[in-house]
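Each protein sequence line maps, in turn, to chains A and B. For the first sequence, the positions run 2 to 344 when this note's numbering is used. For the second sequence, the positions run 2 to 386 when this note's numbering is used.
Think of the hints as simulated: they come from the structure by calculation, not from any bench. Just so you know, even glycine gets a beta-carbon here, dropped at the ideal spot from N, CA and C. Among the hints, a few may not be true.
A partial selection of chain B residues facing chain A, derived with a Cβ cut-off under 8 Å [unchecked claim]:
{"hint": "1", "residue": "29"}
{"hint": "2", "residue": "30"}
{"hint": "3", "residue": "32"}
{"hint": "4", "residue": "176"}
{"hint": "5", "residue": "298"}
{"hint": "6", "residue": "302"}
{"hint": "7", "residue": "310"}
{"hint": "8", "residue": "314"}
{"hint": "9", "residue": "319"}
{"hint": "10", "residue": "328"}
{"hint": "11", "residue": "329"}
{"hint": "12", "residue": "333"}
{"hint": "13", "residue": "335"}
{"hint": "14", "residue": "364"}
A few chain B residues that don't get close to chain A, going by computed Cβ distances all over 12 Å [to be verified]:
{"hint": "15", "residue": "8"}
{"hint": "16", "residue": "99"}
{"hint": "17", "residue": "152"}
{"hint": "18", "residue": "252"}
{"hint": "19", "residue": "350"}
{"hint": "20", "residue": "354"}
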Amino acid sequence: MSARERDWDGVRLHVVTGKGGTGKTTLAASLALALASGGRRVLLVEVEGRQGVAQLFDCPPLPYEERRVAVAPRGGEVHALAVDPEAALLEYLEMFYGLRRAGEVLTRFGVIDFATTIAPGVRDVLLTGKATEAVRRRVRRDRARRDAPGTDAPAPFVYDAVVMDAPPTGRIAQFLNVNAEVAGLARSGPIRNHADRVMEVIRSAETVVHFATLLEEMPAQECLDGIAEVAGAGLNVGGVLVNMVRPPLLDPDTLARAALGETDTAALVQGVKAAGLEHPEEIARGLADELVGHALRVRLESDVRDRLASAGRPRYELPLLTDGVDLAGLYRLAETLRDQGAA
Amino acid sequence: MNPTGPPRLDIDVLLDDPATRIIVCCGSGGVGKTTTAAALALRAAERGRHAVVITVDPARRLAQALGLSELDNTPRPVPLRDPGSREDGGSLHAMMLDMKRTFDEVVEAHADPGRAEQILANPFYQSLSSGFSGTQEYMAMEKLGQLRESGEWDLIVVDTPPSRSALDFLDAPKRLGRFLDGRLIRFLSAPAKGGGRALRLLGAGFGMVTGIVGKVVGTQLLTDVQRFVSAFDAVFGGFQERAERTYRLLQAPGTAFVVVAIPEGDALREASYFVERLRGDRMPLAGLVLNRVHSTGVPQLSSVRSLAAAEALDEHGEHPLAAAALRLHAESARVRDAESRLRARFTSVHPEVALAEVPAQPEDVNDLDGLRVIGRALADGADRP
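Can you make the complete structure from the sequences, with help from the hints?
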């Protein structure tokens, strides 16, 4: 592996949040691809039951099972898992209590329904629990010995990194702070112990929370509020992923004047005529209006960029994919993330 | 503009009709639901209604847009410094839902002081009122019912909670009600009621379930739940019925649902799903508000021709400003075309759904004037002569 500087070396759980509409699922998927490139193995975990990951990678809906969804550039694999809280609960009961067959009775009494849809924190601890379990999971001993005989070092991790497509910014601190969430409900007992184990991973230096945003006021405000809240909860803030950035089409001077409503309409008329278009005056007037609108938006975007910079976190800018988000677009975003040192 | 297209959603007719008593704004996250709700309430107030807008959004964005530093659980008057305000003018109040406070108030209103105190101090009640998924939706609907009953406002505009699913506010209250009235909670509380008979009625599997629940969550929780239910039962009973009542209020003739979306694939897919669900539940749908619609300054010049013209100018290295403007236009024409395609996909599936469009604003809304602009745009979306 190259010795180039990457911002998140040592981080094994990347939580990606963002306001609705900022493209957090797309960015989580791109980050997973970026982290996997160069021969690594990354798990992308979806927790909101939307099957957005399957749509992005153009594959059938994901079952509750880890499967490979993409091959990364220069080797490497992205696996994906859509966590279903009910299945996770039954799996958990089986793993810790050998209670698989109790599922039917529990379902009949509404216990499963209660635990996975209503009880505060239980659903969240099941979802985060699944992700942290994947972070800690190691290759089985016998297999590790076979691959590297004669070593006594701990077996390698199954996944080099886990990326979680997490709930939106408004709920992220509560979602990750499962300990506080279940505290009111279960002050002792196995659920509490499980929550403590999950928290250990989430609070460690191995976990960071990245924020997806746009160059618009409200998403940016929510991003900054979210950063403060996550930091306040004692969790590690990762980077700010600025999505759907449009390339500049005009030089700064022209933009500054256009923002004041000054456009050289005569020059536009000349140009439109030279291009051989009909009704040059009318077209030039329309183009001038569009220039002014564009300049105002660019000015607003630049204000937003300054405010985002005030958070003092690494920022990555991802281009707007004008043809919509498809598989090729994901690879392009992944490459951009790598170029900027995010992976 | 589009004579064969979908019917236009005439916002002013909706707002001016005294029979319209409740407007519910729903849709997926990030589509401008809160702003739409505030703009509708403001416009209604300035057209003479006594309107109140309830928001449940924790980001406090409505507060910013309404020029208030903070909202709390009681409706606060919003000063309308409209210079032309009439004598018979309307009024606007705004509030942000505090779910715990609302729940506490329900308890305080229904229980005698001693019992209320006992309930409020119960740890299980405290999780229930501040953390249970569904409580926010339940309490939003509870608050809606309260405001409707108070008769102080003739129009209530509701912004729905930012849920896991946009439909949660329809489902969650019933789910929570079902749980509170349900088998599980009766069963968890059975020992406190000395109910050997109740236990027998629950039948087989009882011992197994107590065993598992006790083992997994600890016995402390069981005790809390038992105490909570016995205190609560005496006061209320019928959570499900309460939820049913607000659900029926939503189906009543004075209610209008406004589905909010933006011209993007996911948002319109969600809107489509929502329209179908509302129809299935016989909820009165007023129409679709499509926010952030882009238009161009030169509608007759297509994206392809504009780009070709820009390239022609580039070849000669002349007229750089015009070339850049043409590229910019090519991009905005492309966006407009893509949005038209998405809208057409929606309207061909739902030709009967009335539509109002709000153009993308150059800057975000952060004051009443900004909301007025949105309100006017909503009304103009009706394209009246």
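Structure-based check of each hint:
no.: 1; hint: 29; result: holds, 6 Å
no.: 2; hint: 30; result: holds, 2 Å
no.: 3; hint: 32; result: holds, 7 Å
no.: 4; hint: 176; result: holds, 6 Å
no.: 5; hint: 298; result: holds, 3 Å
no.: 6; hint: 302; result: holds, 6 Å
no.: 7; hint: 310; result: holds, 4 Å
no.: 8; hint: 314; result: holds, 5 Å
no.: 9; hint: 319; result: holds, 6 Å
no.: 10; hint: 328; result: holds, 6 Å
no.: 11; hint: 329; result: holds, 5 Å
no.: 12; hint: 333; result: holds, 6 Å
no.: 13; hint: 335; result: holds, 7 Å
no.: 14; hint: 364; result: holds, 6 Å
no.: 15; hint: 8; result: holds, 27 Å
no.: 16; hint: 99; result: holds, 15 Å
no.: 17; hint: 152; result: holds, 33 Å
no.: 18; hint: 252; result: holds, 24 Å
no.: 19; hint: 350; result: holds, 19 Å
no.: 20; hint: 354; result: holds, 22 Å
Consistency note: the structure conflicts with none of the earlier hints.
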